[in-house]
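Asks: Chains as they are written, first to last, in my numbering: chain D, 1 to 280; chain X, 1001 to 1104.
Just so you know, the hints here were simulated from the structure itself, not pulled from any lab data. Cβ coordinates follow ideal geometry from the N, Cα and C atoms, glycine included. Mixed in with the good hints, there may be bad ones.
Just the calculated beta-carbon pair ranges, DEER-fashion [as the list claims (entries may be wrong)]:
hint, chain 1, residue 1, chain 2, residue 2, range
1, X, Glu1031, D, Leu81, 32 to 40 Å
2, D, Lys147, X, Glu1003, 12 to 20 Å
3, X, Gln1072, D, Leu81, 33 to 41 Å
4, D, Asp113, X, Ala1011, 49 to 57 Å
These stretches of chain D come out as covered by chain X in the derived footprint (C-beta under 8 Å, 3 or more residues) [claimed, not checked]:
hint, region
5, 61–72
6, 181–195
7, 199–212
8, 241–248
The lines below spell out each chain.
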Amino acid sequence: MCGICGCEATLNSKPDTRSEPRFNSEAPAHSPEHGPHVHHDATQHHHALHQESAHQKRRLIQVEQDLFNRNNHYASQNRELFKRIGVLAINLMSSPGSGKTTLLVETIQALKDQFHIAVIEGDQQTRNDAERIAACGINAHQINTGKGCHLDAHQIMHGLEHLPIHETELLFIENVGNLVCPAGFDLGEYGKVVVLSVAEGDDKPLKYPDMFRAASLMVINKVDLLPYVDFSVESALEFARRINPDIECITVSARTGENMVEWLNWLTTASATTKAAQTI
Amino acid sequence: MREIIESQAIAEGFTHVRKVILEIGELSHVESEAMRFCFESVMKGSCGENATLEITSMPGLATCRQCGMLSQIENLYDPCEHCGAFGLQVTSGDQVRIKSLEVA
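Next comes chain D alone, as it looks inside the complex:
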């Protein structure tokens, strides 16, 4: 039983595939004069033999488990489901105020006659964004994270229970507005898309490298404001490619519609790729 919510999702706690075989070794007790010691490298530390004391006998258990193991397990389950039913799942991330929700609303308006779309919204509080999406005639499920600063795969797994996922072709997950923590959590998505507005500064990729390393695509939004801000698209792309040479880039204005067609084509192509790889 899941220790988080009581559901029956199972998790087999296995060591990472890169780990060494597990073993238990009887580590002799440290005599007081040795004091604490700190490992400075990854090599195995062999203790010198000490006279064992029955009262101080200890066991050393090799664990070799990534802290994100549990999240990655749920993410794999989500990914397997999406692959099986041919759903393109996009994890949309950015700092607050980049225009993510507006981009999503305009995307939905453009594609809803072509695709069955569903949305999972992540915010600390309120249902504002889910209601905005629902007003477009689309199924939307709001997750309120409370004090939490990111969505995780377990939340997505349960969020899907509130959506007609088997009839869905495009699933947008609008993550909590945060350029740090969401980067570290695999949700089972096809790809992470980071939205960066021209009002934010073109050196954002260097200041928040984890996010831009994790993303497949950078959407530079609000380009209608370029004449009024000190933002270089070329610099932003160069900085992003220092961290992630494979990152793609599309510049748009969700508000005016400028170049939205390139973003819509990217989604359409990704959806076709996903359906071609469908396992059922």
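Keeping the supplied structure of chain D fixed, place chain X upon it in accordance with the hints.
Replies: Structure of chain X alone, referenced to chain D:
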């Protein structure tokens, strides 16, 4: 971390953890000092209560796509030490792992 430790307690049959040996990659998403700050609070009430946290910092290593050489890097945007090219492929130092537990 607490969940992993409690799972291990069931699997390996121990009731008390004396030390948690944690590897934090220098390119990972986890800040060592933040981890130390939270550790005691998170472990309260578990078999890891009062355990010592020992953190090993793992260096970031990345391969250059231009020259193929390996560089040690501190930031994801660091250039190759050998040819100066950007866009290195991280090969290690981006994980956070419980390496081992010293238990009683």
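Asks: Please name the hints from earlier in the document that this structure breaks, with their numbers sorted from lowest to highest.
Replies: none
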